[in-house]
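Chain by chain, the residues run as shown.
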Amino acid sequence: MSGNRSQRPFWRRPLLVAAALAALWLGLPPLLGLRGVYLATDVLLFVLLAGVLFLGAWMRRQRHLREPWRRVFHQKRAAVSAVVLVVFAVIGLADSIHFRKPLPPAPGAAETAWSVEVLSVLDVLLAHLREREEQTYSAPLATRLYVRQPVERGGRQVREYPRLRHGGAHLADPERQWAGDVARLALAGAGGGLALAALAALGLVLLLARARGESLARTAAGVWRGEGPVPWRTVLATVAVVCAVAGVLAGLSLHYHVLGTDKVGTDVLYLSLKSVRTGLVIGTLTTLIMLPFAILLGIMAGYFRGWVDDVIQYLYTTLNSIPGVLLIAAAVLSIQVYIENHPQLFETATDRADLRLLALCVILGITSWTGLCRLLRGETLKVRELDYIQAAVAFGVRPFVILGRHVLPNVMHIVLIVVVLDFSGLVLAEAVLSYVGVGVDPATISWGNMINGARLELAREPPVWWSLVAAFCFMFALVLSANLFADAVRDAFDPRLREQPA
Amino acid sequence: MNGKTLLEVRNLSTWFGPQDRPLRVVDGVSFHIGRGECLALLGESGCGKSMTALSLLRLVPEPAGRVVDGDVLLEGEDLLALPEMAMRRVRGRRLSMIFQEPMTSLNPVLTVGYQVGEVLARHHGLGRRARRRRAVELLAAVGIPDPARRVDDYPHRLSGGMKQRVMIALALAGEPDLLIADEPTTALDVTIQAQIMELLGRIRRDRHMAMLLITHDLGVVADHADRVAVMYAGEIVEQAPRDAFFSEPLHPYARKLFAAVPGFRRRGRRLQTIPGGVPRLDQAFTGCRFADRCDEAWDHCRAHVPREVSPAPGRTVRCHRFDPEVAAPPAAEAAPPAAAAAGAAPAAGGPVLAARGLAVHFPVRKGLLRRVAARVRAVDGVDLELYPGRTLALVGESGCGKTTVGKALLALVRPTAGSVVFQGRELTALRGEALRRLRAHMQMVFQDPFSSMNPRMEVGAIVEEGMRALGLGDAQRRAARVRALLEQVGLPAEAARRYPHEFSGGQRQRIAIARALAVEPALLVCDEPTSALDVSVQAQILNLLQDLQQKLGLSYLFITHNLSVVEHLAHEVAVMYLGRLVEQGPVEQVMRAPRHPYTRALLSAVPVPDPQRRREIIRLQGELPSPLSPPAGCHFHPRCPEAMDVCRRDYPQWSEVEPGWRVACHLQTSDVRSQTSDSSDSGI
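Chains as they are written, first to last, in this note's numbering: chain A, 1 to 502; chain B, 1 to 684.
Heads up, some of the hints might be wrong.
[Said to hold, decoys possible] Short, incomplete list of chain B residues facing chain A, as computed with Cβ under 10 Å:
hint: 1; residue: LEU106
hint: 2; residue: LEU410
hint: 3; residue: ARG414
hint: 4; residue: THR416
hint: 5; residue: GLU433
hint: 6; residue: LEU438
hint: 7; residue: MET442
hint: 8; residue: PRO449
hint: 9; residue: MET457
hint: 10; residue: MET467
hint: 11; residue: ALA512
hint: 12; residue: ARG515
hint: 13; residue: ALA518
hint: 14; residue: ASP527
[Unchecked claim] So these bits of chain B aren't anywhere near chain A, every CB distance computed over 10 Å:
hint: 15; residue: GLN115
hint: 16; residue: ASP292
hint: 17; residue: ARG436
hint: 18; residue: SER452
hint: 19; residue: ALA516
hint: 20; residue: TRP661
If you are wondering where the hints come from, they were derived from the structure by calculation, not from laboratory data. We treat Cβ as the ideally placed atom computed from N, Cα and C, and that holds for glycine.
Could you build the full structure based on these sequences and the hints that come with them?
Encoded structure:
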């Protein structure tokens with residue numbers, strides 16, 4: 001429509017970025033002597049990322065979309081939640097680059113054999129957490145196990161709480177040294193985190209100063225006083241808090257299990273971080289699958305009316321009347337049967353779990369498009385009566401061109417609002433479904449599985465509370481920031497809430 | 001000026017927006033209203049009329065707006081100093097307000113009687129029975145038929161005119177001393193407008209109530225006001241008694257307003273327009289606010305703020321020309337008389353478009369199986385012919401089906417019956433690609449310049465759309481044509497890069513015209529293209545349409561309810577009532593000596609901006625019946641003051657008055673004498 005506003009097409013830069021990233025993703029593992037593993041959800045997640053890049057570049061050119069987005073980021077709560085969401089996204093993406101390590105060459109084998117264990121970049125970063133397994137439960141920051149075990153002492157069997165293999169293993173006398181050591185590690189971690197935040201602040205000020213063509217000192221002073229439309233000071237404060245918390249966790253995790261260990265002795269912090277990816281995949285891929293249905297059917301029903309409308313309405317009314325959990329359970333179970341009957345299709349257990357995760361996304365997507373579809377149909381019914389649609393008809397513009405050029409851009413704000421609002425609902429849905437047992441594969445690390453595993457242990461005396469609390473805290477942080485962000489998006493895009501020019 | 005002063009407003013200022021750069025929406029307004037007097041506050045949209053009224057009632061939307069200065073003295077009591085509690089007793093009881101939009105001013109989930117009763121309970125403390133009785137009385141007083149039954153109705157069962165009557169009843173319930181009527185009839189048809197204005201005048205006389213009438217319509221002012229205050233850009237620029245004002249307006253702005261009114265007198269000539277727009281109100285003015293748009297401005301006007309001077313008793317004006325202390329201006333060169341447009345092109349050759357027996361019925365479906373339960377006969381047998389280079393005006397009240405006729409002619413709505421022949425081809429038989437290609441030759445300009453353009457598209461893309469859809473030219477040629485078109489309608493070529501919301505209503509309507517012209521149509525259907533515009537902007541658009549017609553030989557089908565526009569622009573006129581044409585003919589004859597009683601009533605209801613020209617308003621009873629079940633016989637007979645027995649039985653046939661002028665009325669066929677006299681026929 002407005003391609004020649006500036007000389008370069010909008011897709012040039014994102015295409016370069018995407019191509020470079022794809023080359024890295026494909027080329028780097030062989031160079032490092034690894035075998036890249038490209039799971040279906042990984043690929044989709046990165047395609048989605050590329051799509052977001054392109055969409056962002058396109059929306060920068062569209063004033064009616066650029067202005068609301070600018071308004072979004074001028075709100076403090078949106079800026080704070082965006083920072084938190086970015087942290088989650090980085091964790092999730094780091095966990096979506098998978099590879100397999102070579103096994104030590106077997107004598108006489110010509111080809112390299114690859115380990116069956118599929119690792120991600122996050123696994124490598126968190127190697128110390130992943131590899132330091134205990135026997136069973138241990139409380140957060142504990143130095144001893146949570147359960148008494150028979151120990152051989154002086155030839156006699158005694159039942160006591162044995163020292164952990166890794167947690168606080170460096171302490172000679174844990175009872176006396178523990179508090180001091182924890183405080184020292186936490187402080188050191190916080191200090192490191194804050195130093196990192198300071199570096200980030202410096203980098204931001206440098207970039208801003210260059211972009212605005214101002215002196216460094218003036219930019220820094222402006223940011224410090226909270227000047228300008230973008231709340232950079234709030235962003236930096238959030239970054240500082242996030243860095244400090246991450247620093248404390250990292251510092252402590254060097255020698256302790258910060259959030260304890262679960263039944264088989266895996267670090268709960270590790271589990272919680274690995275669950276981020278599952279949550280993100282469910283939240284985003286489901287949307288990706290649902291959008292085409294919802295948008296196309298919704299605006300078609302609203303625009304064409306007549307029998308098209310009838311068919312689409314019957315379709316989503318019927319789909320809505322089937323209990324969602326039943327449909328999901330049936331579909332997930334049949335997928336599981338399929339996976340079990342065709343083991344030769346999957347190289348590793350991770351592949352199997354991943355297929356089930358993808359299947360869950362597809363099913364959730366198929367069952368959840370009706371709400372948006374209904375909204376879009378209603379809005380389209382309103383839009384189609386406007387004179388500019390009539391004018392387009394009078395010009396003989398083809399119906400599908402009208403849908404794309406006139407209807408879709410004018411209902412896009414609804415799509416954006418619903419997509420952002422749905423995200424948090426889907427993350428929660430995963431937890432509930434996994435708890436019920438029809439969610440992701442039991443081998444997939446997810447918050448739902450963590451809660452499912454922890455539910456029986458709450459009944460123990462004394463209870464094992466940390467798995468549940470950890471899953472709850474991470475989910476809460478993600479969903480709360482997604483909701484706050486969604487609120488800000490809705491406020492900025494909803495024309496009724498927009499400030500009226502006096 | 002009768003009685004003593006009821007309300008005195010001194011130096012009222014209401015500002016909006018940020019503290020550091022406020023919009024001075026009302027800026028030092030002073031006026032007074034005597035008991036029983038009607039003061040008209042006249043001005044175009046955005047000049048601060050409504051804000052002045054809201055400031056009086058202290059209903060300015062806070063915190064965005066605030067009254068920053070001034071006194072509002074109601075019989076010596078300063079309303080601006082009253083606590084909110086006391087103010088609530090003033091609102092409704094002493095000052096009442098009627099709003100512009102009757103559709104949204106009533107709560108849809110409460111009965112009419114309840115809403116009137118609420119006010120009665122608040123201000124008179126009446127009990128339930130007394131409240132109901134009084135509500136019925138009030139509804140009767142505002143002319144609602146069968147008030148005892150209507151009192152229990154919900155607002156959605158009332159028509160627009162009825163709702164406005166209920167609003168007036170609500171405003172009267174507190175028996176106020178001053179009624180503020182904010183454009184009370186803008187949303188209504190002329191015949192209803194005449195009813196409502198007459199009602200207000202009667203109530204005012206009976207109760208000796210003062211009224212502040214806010215309007216943009218000079219005709220309404222001429223009929224009803226005692227005094228006039230003209231507002232411009234937040235200021236009152238002229239105040240005068242009505243007759244003095246209409247015989248000789250002083251301020252250049254007021255004179256321009258008069259000159260922009262279309263009608264027979266300026267037929268065939270260009271209307272005077274006011275160049276430019278209202279200045280931004282977020283500045284402290286150093287000169288006259290109107291200087292930039294004024295033909296008579298000189299250096300002094302731009303350098304000094306004019307003070308209010310009184311050239312005659314009871315008159316004030318804010319203009320340097322009338323200030324005795326200001327040196328006389330250099331003699332203004334008389335504006336060159338606008339070039340007289342060449343006379344209307346004669347109708348040459350056959351019609352561009354001819355419709356025969358055009359009918360559009362909308363089925364009303366009910367029940368599970370969506371069976372057709374009834375048909376709305378929106379258009380029911382219309383014959384029209386449009387000739388090249390001529391303008392046919394289609395007039396009628398809202399709901400009579402005139403917009404549907406326009407859409408049916410363009411095949412935007414499928415006709416149920418009848419034929420439309422366009423350039424010798426039958427349109428109703430065309431489908432798909434053939435129809436799409438023919439669309440280039442006929443285009444539409446819509447009523448609302450705000451909903452007729454996709455807000456997400458640049459103006460250039462909007463104008464280009466038709467050419468793209470029809471595959472005309474390549475991208476470069478199209479871009480060049482867009483620039484040429486924008487210049488043709490008087491917009492800069494850079495406008496192509498901007499979005500519709502950056503333009504004013506008049507500019508948007510120009511864009512809409514450019515868009516329609518892009519595909520070089522032979523026929524343009526203009527659906528009330530100026531009804532959403534101010535009179536000065538309307539003049540610009542009418543001038544543009546006339547120029548284009550002369551230059552390009554376009555045919556217009558001009559759908560409107562504004563008869564002065566018809567008089568100004570049209571060659572032929574067709575009057576429509578309830579889906580059918582009732583009178584059709586050359587505009588001079590029809591407008592000067594209408595034959596159909598409906599045309600006569602319609603014409604008599606139009607307010608004329610000339611208080612000397614007293615006219616007898618033919619009052620129509622009731623309102624337009626539902627097209628779902630039109631009355632038997634002549635559709636107009638229930639409202640017709642001259643209805644006869646035959647009218648109730650048979651629908652009248654067309655009868656020709658002169659060649660090209662025909663009327664569907666029994667008066668024409670049954671009695672030849674009615675041709676010689678316009679008075680009602682009593683012989684039958």
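Results of checking the hints against the structure:
1. LEU106: violated (21 Å)
2. LEU410: holds (6 Å)
3. ARG414: This hint is violated: ARG414 (chain B) lies away from chain A, its Cβ roughly 12 Å from the closest one there, beyond 10 Å.
4. THR416: Violated. Min distance 17 Å.
5. GLU433: holds (9 Å)
6. LEU438: holds (8 Å)
7. MET442: holds (8 Å)
8. PRO449: holds (9 Å)
9. MET457: This hint holds: MET457 (chain B) lies near chain A, its Cβ roughly 6 Å from the closest one there, short of 10 Å.
10. MET467: holds (9 Å)
11. ALA512: Holds. Min distance 8 Å.
12. ARG515: Holds - the Cβ of ARG515 (chain B) comes within 10 Å of chain A, reaching about 7 Å at its closest.
13. ALA518: Since chain A brings a Cβ to about 9 Å from ALA518 (chain B), closer than 10 Å, the hint holds.
14. ASP527: Check passed: Cβ of ASP527 (chain B) comes within 9 Å of chain A, closer than 10 Å.
15. GLN115: holds (25 Å)
16. ASP292: holds (22 Å)
17. ARG436: The claim breaks: ARG436 (chain B) does not keep its Cβ more than 10 Å from every Cβ of chain A (closest is about 4 Å).
18. SER452: It is violated; SER452 (chain B) is separated from chain A by about 4 Å at its closest Cβ, not greater than 10 Å.
19. ALA516: violated (8 Å)
20. TRP661: At roughly 32 Å from the nearest Cβ of chain A, TRP661 (chain B) sits farther out than 10 Å, so the non-interface label holds.
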